[in-house]
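*Asks:* Chains H and G, in that order, give the protein sequences.
Mapping to our numbering: the first sequence position 75 is 63, numbers consecutive.
Mapping to our numbering: the second sequence position 61 is 62, numbers consecutive.
Heads up, none of these hints are tricks.
So the derived list for chain G, only partly shown, Cβ under 7 Å to chain H, looks like this:
1) G43
2) L44
3) M49
4) K100
5) L101
6) F103
7) T105
8) G106
It is worth saying that the hints were derived from the structure and are not from the lab.
No residue lacks a Cβ here, since even glycine has one placed at the ideal position from N, Cα and C.
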Amino acid sequence: SQTIHQWPATLVQPVGSPLSLECTVEGTSNPNLYWYRQAAGRGLQLLFYSVGIGQISSEVPQNLSASRPQDRQFILSSKKLLLSDSGFYLCACGGNTIYFGEGSWLTVV
Amino acid sequence: SQELEQSPQSLIVQEGKNLTINCTSSKTLYGLYWYKQKYGEGLIFLMMLQKGGEEKSHEKITAKLDEKKQQSSLHITASQPSHAGTYLCGADGAYNTDKLIFGTGTRLQVFP
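Bound-form chain H, shown alone (with noise of 0.2 Å):
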């Protein structure tokens, strides 16, 4: 079965300095990809997937980006985090079925 790696799993980050979380897979290849961020009492929001390397499509218009560098990295990133930027950071990874990794808490102070 999938196994999915994020880090780290817990961030505190400035107003206005970037952003890097990744996330790795084994047990599969190519995969789909998601980043899906989870507000304080809020759903799940997809922000990006991917469905192959180099190939992102981006859900919401915002201050983040995410790449796919290679066939199992993931990596969602910013240039100048904004405080709204703070939340639960999921990747996931799927076919058939839909595993999620551990998560990323991200706080922008």
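With chain H held as given, fit chain G onto it using these hints.
*Replies:* This is chain G only, laid out in the frame that chain H set:
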């Protein structure tokens, strides 16, 4: 765009009681997923339904997808404190667009 509505938003039940969570889609569901999430943790996959009328069970949790494939229910029999958490339904985007969208979740608390 497809939307998923879950009800109720929260649920508090006594241990041993049965409960049902519903998930309704504005469009035909091509694949319906149920997940459980503990606060601050990732989502744990429970079940996936694809066919109209399909029903799956795992331990004391049963999920059903209606014939029209627009509504799913999750039923827990004889609830236990270990069932506490947030349950989310997720669905493949209409016309198989590779996106997976989620409902807002149902928070379940089980007290002794």
